[in-house]
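Sequence order for the protein chains is F and U.
If you use our numbering, the first sequence corresponds to residues 482 to 696, in order.
If you use our numbering, the second sequence corresponds to residues 692 to 993, in order.
These are calculated hints, taken from the structure and not from any lab test.
None of the hints are false.
A few chain U residues facing chain F, derived, Cβ under 8 Å: (1) I862; (2) C983; (3) V989.
Output of the computed footprint for chain U on chain F, the stretches with three or more beta carbons under 8 Å from beta carbons of chain U: (4) 494-502; (5) 574-583; (6) 586-594.
Just so it is clear, CB atoms sit at the ideal spot from N, CA and C, and this is done for glycine as well.
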Amino acid sequence: MDFWVNCLVVLIAMTNLRLLGSSRVVSCVHTVAFQGVLLGVLAIVGASGGLAAHGIVLAAVNIVLKGLVFPWLLMRALRETHLRREVEPAIGFGASMLLGVLLIGICLWIGSRLPLPVGVQASPLLVPAALFTLMVGLFMIVAGRKALTQVVGYLSIENGITAFGLGFALKEALLVELGILLDAFMAVFVMGIIIFHISREFDHIDAGELSALKD
Amino acid sequence: MDATQLIHPLLALALAPLMAGIVNKTKSAFAGRNGPPVLQPYRDLWRLLHKGAVYSRTTSWILRAGPIVSLAAVVTALAMLPFGGTAAPLSFAGDLIVFAYLFGLVRFLMVAAALDTGSSFEGMGASREVTFSALAEPALLLALAALARMAGSPSLSGLLAGAVANPAVSIPVLLLAAAAVGIVLLAENARIPVDDPNTHLELTMIHEVMILDTSGPDLAFAGYAALLKQWAFAALLVGVLVPWRTGVLWADVALALAAMAAVAVGIGVVESTMARLRLVRVPQLLLAAVACAALAVVLVLR
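Construct the complete structure from the given sequences, taking the supplied hints into account.
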């Protein structure tokens, strides 16, 4: 079991690197969806001591919402805004990739110092991977210039939080997790609509232009 | 020295062109063509060996030395690789660095030979080759370093010995190292996301442009060296990805050969389904390989 958890965690870390390195908005959306599916599988595989019903519910909701619904919503927003397909980040791909490697190092360091609650049997790689996913999400929000890549960054943060939650307290977390997922769903739904409106109003969704706005 | 140690070098010398044939056959199958026969690379080499060589008067001995020394260096590097259950004929502490830099020697000589012709076109290819390999090299060395640290052995034989002591830790490292080695394999052997092996006289090619002024037996040597280099990287990838041993010699060798064929088909599939990357995007791909290898190192070190 530990073996599969480790494989999944490494795969999640690799999807983060792909998020940093991919130049197309579409592939960003697909990657973050794949990450969500991986998290769902992780919830099933990582459930120690047999599968509880809530574990399956959580995994199923994760997979359906993050693997199918979110990408569908985002692809619709992408289609309707007639967006240029390149990501055009403020920080170049090579630099982001190197920053990603740096972030991995930092996350592993933090993960090794972070005191875990007693009795938690998480894989030693899970916490660093969750932190890394979170930080990549933050980085995408800061460095991305398109509103859509910022939504992808938001989803990546959400994935990081889910991964973090999977490591701990699988017993009580069902309601909390479902609440977060519902929030994320509403957020993506609203963001899709807002992106559409922004692009209709301004003919672009470049967040960099926001700084030029005056009231 | 054990006779079984010679199995891999002999297999490599005999079957490296066949691997290119399998790649071409896979690509043809994807394109819906019959394609050239699987044995076509052998015929090409045979034909080239029977031709005379033409040397430009502006070139020096460097152009002639390039293909011959490359072939010798690649064969030496092959001798350091264990394959299947067979041990490598050459094995000493630190041979992984010699392995990496024998390919560095090949690259240096091919680049020097390309520059020796004085053709600006070949100089351009040489410049690209050097730029990209400067990024491929850290990926390969970091991946090898991670594997060496994990196996606790500073030689290629020990590193690929297949002792997977603790699968929970080692499999992620193996996967990451395999991803890095796989990307380096594509980049170093002028395969498609980096370079298109089919294009001639196009402004995007890298490897082909460097041997434009080589002819006859020299071209055969350069081509054969390139095929053997591809075999060496594929054998390294197979060594990383298929670490299991049955203990029976012929079964292990057969398993490794099947894995080599699978790698060849994989290269063909990648070439058929992907477009060549723009040249400015190639460093990003190689940086991804470096990132994977660095992640492997970090996982091993922690």
